[in-house]
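Its first residue numbered -19, the sequence shown is counted upward by one per residue in my numbering.
Fair warning: there could be bad hints in the mix.
[To be verified] The calculated label-pair distances, taken between Cβ atoms and stated as ranges, are:
id, residue 1, residue 2, range
1, K323, Q192, 19 to 27 angstroms
2, I117, L460, 27 to 35 angstroms
3, K323, I25, 48 to 56 angstroms
4, L180, T207, 48 to 56 angstroms
5, R145, K323, 27 to 35 angstroms
6, F143, K323, 54 to 62 angstroms
7, D249, P176, 23 to 31 angstroms
8, L503, K466, 34 to 42 angstroms
9, P176, L140, 44 to 52 angstroms
10, I117, F143, 19 to 27 angstroms
11, D517, K496, 29 to 37 angstroms
12, L180, K134, 51 to 59 angstroms
13, N47, Q192, 14 to 22 angstroms
Treat the hints as calculated values from the structure; they're not laboratory data. None of these values were measured; they are calculated from a predicted model. Glycine included, C-beta positions come from ideal geometry on N, C-alpha and C.
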Amino acid sequence: MIFFFLSSGLFLGWSLGANDAANVFGSAVGTKMVSFKKAAIIAGIFVILGAVIQGAGGTHTLGSLGNIDAIAGSFTVALSAAITVFYMTKFKLPVSTTQAIVGGIIGWNFYTGNPTNIDSLTKILITWVAGPILGAIFAVILYQLFKLILRRTKPHLLKLDAFLRLALLVVGAFGSYSLGANNIANVMGIFVSAAPKTDLDLVLFTLSGIQQLFLVGGIAIAIGIFTYSKKIMERVGNSIVQLSSEAALIVVLSHSIVLFIFSSQSLSDFVASFGLPPIPLVPVSSSQVIVGSIIGIGLLKGGRGIKFSILGQISIGWVTTPILAGLMAFFALFFINNVFKLKVTEDSELINPFTQKHTEIDSNNTYNTISDTSILTNAFNLDSQFVSKPKDQYISIENDTVLEKVNLQVEDSSSTPILATNNSELGTSSSLWKKFTFVLLALIILLIIWYLFSGSKFDESKNRAIVKKMEEFQKAEQELIESELKNANLKKQHLQNELKFKNRESVNFALHIIQKDKVFQKLKEKIDKIKNETDSDNRKQLIQDLSNFVNQNLNTDKDKESFNIHVEEENREFFTRLHQLHSGITQNERRLCSLIRLNFASKEIASILNISPKSVEMNRYRLRKKLSVPASQNLNDYISKI
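Assemble the whole structure, with the sequences as input and the hints as a guide.
Written as structure tokens, this is what we have:
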């Protein structure tokens, strides 16, 4: 049965490990400086060590706030805190396990009628504010010191990287130890009354009953680290401000120091030995200390990029979390106590003082009635004795005086319990009204906070929706601009290619003109020689030379070769794709494909290739078969799509 009641505390420990382990190793795992497996093993081991060795300090403070002396009460308070943390986390509301458990304890005090220790509550409230502030102060000091050391030593980049990896492991181990030492009180502190009464001898060391309880809680935290903290570790670290590896190391170290300070009994005693006030040993919120440390680094860098709305959320969490947990604990205790008839406190008289006082009043009335009856009986006996002696006036007067005294005593004795009953009823009624008035005020405060918070959330979601729409519009506009720019570049490239082609054509045309001019010039010279020649034999020879010259220049092989080279250069990509699709095609078939692609007619192709039009048609038919062009598709269309 004891393990069933401990289950709520173990669930709280599991959720603590799943969420708060990311505060220690989140930056290291998220930046791939440390693997999750290595981080989980180190965190799990040192959380358990911190809980067992140094976890008693914060437990005393929570115990002085409210000493829960029944296991059913401890179970209900822990369950209320766990449910509060779970649902506030689910709805993305700021939450702290420490504040939830404190609210649950106050709810138990309120339900059972136990007084809340104001001094302990004040210490706890001060640490809620001091934790983030100290985290920021330590972060600023340590970051400046670390930067100074780096400027002096100027380590190589590879050495610095290796040092940071090792330092993140060491600081993570220290942070895990401090987390277990400080926050185990939230998990198992209220179950101290159910701790084993016998010590556990393990040869090398002995565990007390409380340490055995903390060992179980530490294991629950470690299981939470192993089973559910990976995703949280991988996305933590950049939610408030961008962090470098050096800054992440300093943040974790500052967080660890703050948690260690508020859980170390030796350090508290050392400070007290100098006549200073001892350090309060109080469980503090790990997440809020991390936030304070990160904001300290952010302020040191100029404050740019810090989400100061986080501070407002923390302030809201200081109010909403304890109130929600306290109200839930109050109603849950009422349900457990009255439905399941389980004792939520050993002093049951405190829970129902009206019934107890009413019973005492009834017994007092019975006793007083019996006493008054005996007095009246004695008085009437005396009266009957003196009536038989009427002559004795003195005795008769004395008897009258006795009767008057008896009557007064009866009136006084009968009126006293009635007055006491009325006073007790009024006192009990007033106490109940105070309780329900307090609960009503707490509910009203929660409703106001919820209204304000939901309104801000609504505005924030509305702003996010507007920003999202603007981003989508800008993205679409950017894509449109990029598309237009791409089209413009394509057009520009096309125009450049056309210009290059035209330039090449112009050059070729110019060279062709020059060549023709030379031909005509030589032709003119030869004709002039023929005119001037008088000898018939020489004239015949000159005419023969002229004929040969004309025939030579009528040969278009050189022009055809130039044309073929030009076609090859302009259709290089086409020939590459054609070869990929049909690797067995010949050189003449390639040339025919290029001429078909240029939309030359069969007669023109015949002239260029120096073959008959009928041969062109035959070659086209063979080409269609070789390319496997369907009969329903035109050969020109097929080639143009390659």
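Checklist entry - Quick one: are I117 and F143 within 19 to 27 angstroms, going by C-beta? => result holds, 25 angstroms
Checklist entry - Lying within 27 to 35 angstroms: is that true of the beta-carbon distance R145 to K323? => result Given about 53 angstroms between the Cβ atoms, the range is violated.
Item to check | Supplied distance hint 44 to 52 angstroms, evaluated on CB atoms of P176 and L140 | outcome: Cβ of P176 to Cβ of L140: about 49 angstroms, so the range 44 to 52 angstroms holds.
Checklist entry - Does the Cβ distance between K323 and I25 fall inside 48 to 56 angstroms? => result violated, 38 angstroms
Next on the checklist: I want to verify a distance hint. Is the separation of the beta carbons of L180 and T207 within 48 to 56 angstroms?
Outcome noted: Cβ of L180 to Cβ of T207: about 26 angstroms, so the range 48 to 56 angstroms is violated.
Item to check | Range hint 27 to 35 angstroms (beta carbons of I117 and L460) holds or violated | outcome: Given range 27 to 35 angstroms: violated, Cβ gap about 51 angstroms.
Checklist entry - Falls inside 51 to 59 angstroms, the C-beta gap from L180 to K134? => result holds, 53 angstroms
Checklist entry - Between K323 and Q192, does the beta-carbon spacing fit 19 to 27 angstroms? => result holds, 24 angstroms
Next on the checklist: Taking the Cβ atom of F143 and the Cβ atom of K323, is their distance within the range 54 to 62 angstroms?
Outcome noted: holds, 57 angstroms
Item to check | Distance restraint evaluation - L503, K466, Cβ atoms, bounds 34 to 42 angstroms | outcome: Roughly 54 angstroms apart at Cβ, these two residues miss the hinted range, so it is violated.
Checklist entry - Does the Cβ distance between D249 and P176 fall inside 23 to 31 angstroms? => result This hint holds: roughly 27 angstroms between Cβ atoms.
Checklist entry - So the hint says 14 to 22 angstroms: do the beta-carbon atoms of N47 and Q192 match that? => result holds, 20 angstroms
Going down the numbered hints, you'll see the structure goes against 2, 3, 4, 5, 8, while the others check out.
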